[in-house]
Structure formats: C-alpha cells, structure tokens
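Protein chains: 2
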Amino acid sequence: PDPKLLAKAQARLDCLTKPQGSLGRLEEVAARYVMMTGELKPAIPRGVVFTFAADHGVTKEGVSAYPREVTPQMVLNFLRGGAGVNVLARHAGVGVRVVDIGVDHDFGTLPDLISKKVMRGTRNLLVEPAMTRAEAEQSVLIGVELATQAAQEGIGLIGTGDMGIGNTTPSAAITAVMTGRPVSDVTGRGTGIDDAGHARKVAVIQQALDLHRPDRSDALDVLAKVGGLDIGGLVGLILGAAAARVPVVLDGFIAGAAALIAVGLQPRCREYLIASHRSVERGHAAIFDHLGVRPLLDLDLRLGEGTGACLGMSLVCAALKIYTEMATFGEAGVSEKA
Amino acid sequence: PDPKLLAKAQARLDCLTKPQGSLGRLEEVAARYVMMTGELKPAIPRGVVFTFAADHGVTKEGVSAYPREVTPQMVLNFLRGGAGVNVLARHAGVGVRVVDIGVDHDFGTLPDLISKKVMRGTRNLLVEPAMTRAEAEQSVLIGVELATQAAQEGIGLIGTGDMGIGNTTPSAAITAVMTGRPVSDVTGRGTGIDDAGHARKVAVIQQALDLHRPDRSDALDVLAKVGGLDIGGLVGLILGAAAARVPVVLDGFIAGAAALIAVGLQPRCREYLIASHRSVERGHAAIFDHLGVRPLLDLDLRLGEGTGACLGMSLVCAALKIYTEMATFGEAGVSEKA
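Here the protein sequences come in this chain order: A and B. Quick note, this note's numbering runs 33 ahead of the 1-based positions in the first sequence. Quick note, this note's numbering runs 33 ahead of the 1-based positions in the second sequence.
Only true hints are included.
Since the list can't tell identical chains apart, any single copy or any two copies may satisfy a pair.
Computed cross-link-like contacts, DMTMM-like style, restricted to lysine to aspartate or glutamate with a CA-CA straight-line distance of at most 25 Å:
no., residue 1, residue 2
1, K37, E72
2, K354, D331
3, K37, D333
4, K354, D145
5, K370, E102
6, K93, D139
7, K370, D227
If you are wondering where the hints come from, they were derived from the structure by calculation, not from laboratory data.
Here chain A stands alone, though its shape is the one from the complex (with noise of 0.2 Å):
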C-alpha cells in the first residue's frame, strides 16, 4: 500500500461538510481502504464473511464447555440461516460462506457447503502435534485460494469467521507462542467453562507447549504443531486477500491468532487488516498490541463465527459511504473554519 494514498484520502475527506477529523475512526478506515485496494474513488465492496469449520483433538480434554458434535450441527444451522452470523450478515447486507475445512462429520452432499475437508479434526495437541507441517500448509492453500477466487469475483472485503468447539484452546496457545506472554495471561473461557475448566485448559497449553516448543520465527510449526484446521484456512483468507489486496476484517479471538500467524509468515499482510472488534475472551488484548491495531467494537461479544466481522464490515460501508456520498463545503456553499 502506497502511504501517498491515505493522505490523498484524507485530503477529500478534510474538503466534506464537517469540522475536519470530526468522524474520527470512520475517517481513518475510509482513508486505509483507499489505501489498501489503491482505489480512490471505491465502490462500496460487496463483502462476504468465510466460516471455516473443523474439529479439533484437544477437546478430549475437556477444555471445552459443550460437546465436539455442536461444530456440525452448527455448520447446518449456518446452512439454514439460523446462526448469529447469519442474523448479523444479513443485516450488514454481506454474504456468508461457510467451508468445512475439517469437521469430524461426513455431511455427504450440500450444496451450499464448500467442501475443503482436510481430515476429520486435528490431533489431539497435548499428545502429538496437531498437524503434520503438510496438513498445515494445505489448510493454508485452501484459505489462500478461497480468497482468491473471491477477489477475482470482485468481492471487495472479506470478513473471517470460525466455527470449531475447542478453538480457543489452539488460539491461545498460538497467541502465547507468537506474542510471548505466558499461557495464563492469554487464555480465556471460550463459551463459557468454569473455574477449573479454566485451570485445565491453561494447563493442557502449557503442557503442549513445553512437548512441542513451537518455534516462534516459524509460523507454520506453530500453526501446526498447536494450531487448528480452522486457523489455517483463516491464515490463508488473510494471505491470499492481501495479496489481492482486499481489506480483511478480522472477527475476535480465533481470528486473530490466525493474523499472528499470517504477519508471521508476511508480515505486509498487517496492512490489510482491519480488526472489528475487542473480544471478552482473555488474550485478545495481547493480539492486538503485537499487532498494533484498533478494534472498531468494544460491545462483550465472544460468539465467534463471523458475528463480530459482519458488524464491522458495516461500519465500513458506512465509512466508504461517508467518504463517496457526502457534499463538499464548495457543492454545498458551506462556509468553511473562520
């Protein structure tokens, strides 16, 4: 992204009918979406949010508060329109893709399910890497592919989203590898288990990390060895839309250990990422400090599945709109600043 761009932006933006920088945050995402895509005069996107679905081997360990077999069941309620994402999707007038990147579910033919399974669940991480270092780049090329082709569609922002009980597990353990902090400090309740759930949960992380010593300067080990099929296709979401330069907004937790990941492995993806919201789940706040962005949204969600995405590419029609739509102080006869 070209930093001449954002001034340029800023400066139509300071020529609109309103005190200059008085709409704050939407002025700032206008203008780095003029950035990122190099469009000065954009359209507004057609948006649609990618769910990837897997399972993951950890939840043997009852580091989850609901049973493994809620990940299918979902994947149909998302089939059917039912879920969170869903609801908020259609009200953000943005679309919904949902991909089974590896549930331990065989759901034969749907038609509205993209089928990139690449097996049935990770491994159970606190015996054995979660992938092979291959199973982990496939889940990678699925994402980085899917972004791809929705670029060529012209989709002009894509949001993440994730379906997989047991997701937070990996997440933090990603999130204590890439940023450094102790597992304790990054790990949360996910859905909702109690207090010695918790202790658990934190224990399992420590326990895989001290087995596997995921090498930080290598993402995809991370990934990996304590990541999850689900965090791999939004690895390559995030990739493969920077590198056609369409703006990825980021949903909550899952979705940034995925950014760790992929600012991991190139870091210029960081430029593209627009993070929607701060998630209630424990961690999240280091994400965003190593990342260095601002979430739009500080409303308690910690739903997942692209809720939190879908309200944040709203804003950022919203913000698109501010920038194309409103009058300048010479088309309106406005008087400017005295």
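Starting from the known structure of chain A, arrange chain B on it as the hints suggest.
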C-alpha cells in the same frame, strides 16, 4: 417499564443457538428494547432521527471555530441529503427530519423543513438569560409534539440530532450545573477551537453561571438561562418518546446535555435512553456517569447532527434481529452446554 420483561427477553435470548450472553451488549440492548416497549415479539422498528437546528446568541463571544451562518447552510445541506447524518441515516435505513426550532435565518417555505421557529436564536447567555422560561417551555413542547406524532405514525425508534453553531457552550454550561462538576472539566473544543478560544469558552460559561445562578433542582430554569432552543427541542423529544414508550437513541454531547435536563424534569425517562457513542467532547463522560448509562460505540466522533445516533440505531436493529431471527437450540437441533 416492567423489569419482569427484561428477564423474559433474556430467557428467550438464552434459548438461541449461541453460548448464553455471548452476544454481549447486543443482548442487553434487545432485552432493554423489549422492556421499554412492552413488546415481547418486537418487529424491527422504523426509525427516525430528528435534527433540531437553532442559533445561539453566545456565538458573539467567539466560542466557536465556525461562523454563525453555517447553521442555516447546514440545514439546506441536510434537506439536499449531502450531510453526514443523511449518509449514515441511509446506511442505517432510518429517516431524517430536520426541524428549524430557532435558526437566525428566514428559510421561506421549504417542503421538507419542519418549521417550528420559536425565535431567531437565543440571547447571549453571557449578558442575559438565553431564553425566558416561556420560550424554553415552548421549545420543549415542540419536541414533545414531534415525538408524540412520530409514535402515532408507528415510529418505533427515535434518534436525536442537532445543528447549531455554538451549541457545545450551552451544553457544557448545562452539564456543569446538572452534574455539579467544574466548568473546566466539562468544556471541550467543540468543532475545533484553539487553546485561547477554549480558555475564553470556559470563562464565558463560568461568568454566565455566576451571573444567572441557575437552579439545578429546577431543570427548566437551567435550560432557559444557559441552554438553547435545539437542546430544548431534544429535551421534549426525549420526554415525548419516553411517554409513548418509544426508545430514544442519544447522539453525542448535546444530546447528553438534553438528557440531563429531561431526566431532571422526569427521572423515569432515563429508562428509555440508549447512548449511541462516547464523543471526543470533554464532558460527555461526566454525563454518562451522572445518568448511569454506557455508550455502545467509541469511534472518536464529534460531528453531531445525529451521525452517532444513526450508527447506534443500526446496532439496535441488529440486536432486535438477533432476538427475533436466530434459531433456538430446539429448532436447530443443536446440543446445549454439557
């Protein structure tokens, strides 16, 4: 409002296919909307932002960065659809109604302007009361009438908006009186005055308070002596909406000052307030503390007009869609928490 409805609404939210409470403040807003309106199965409401425009005699004292003629110029910009509030209202799917409650300009007859001029701007509060008690009362009654009429039309969500060069000065004066905070703590830079202008603004407000000694136990006295016609209209809008059980989405600092007066006149209207955002304007936080409300957004906005209210209204509608459109665990065949 009946607190039992809050619990009933939360019970429905807890049956939806998501971990309980995982949609955070969206759930809070949906449940409050149900309680406010008494509708256990609410439709997605039609929303309208009322933007009250008025001039302020105190602009003679150099308290604003923009010249006074910007007030009528912006009214015309609103009517042509080119201002920030128009863009964000279209984005949120809500209407904008522009009310001339005291602009110092003769608009003649304009089909889309609601003409309710009490007088051509307030008097200079530095040297005399901004309004007589009767004028202040008249401004409030105009707001009440407009809200009542909107409720009768079936409008289910009302947003506040304002346009009046100089109106952060009366708003800061009201905030100082009603919250008991020092003037310097609640006086900001409005549309962007420099240090000297800010010092002058603080001094003007302090002198006005010393001169008029408004009585905080008599909110109408405060409105008349150091308030404004736009603020008076908003006070009435809040009171009228609350009386009709229509939730009110507050915009920024000016709306907050109006809410302080409205709650001073009728404490029960507090239950109908939804704060859209935390403004950059110093003093807004003091209003939230005093009212005991928590804003939904924090996007560094300081434009006014109702721009933040539009974004807040979009979130209220998103929350109600979650409440009404999401599948329950039973409907979707999804397993509940273990």
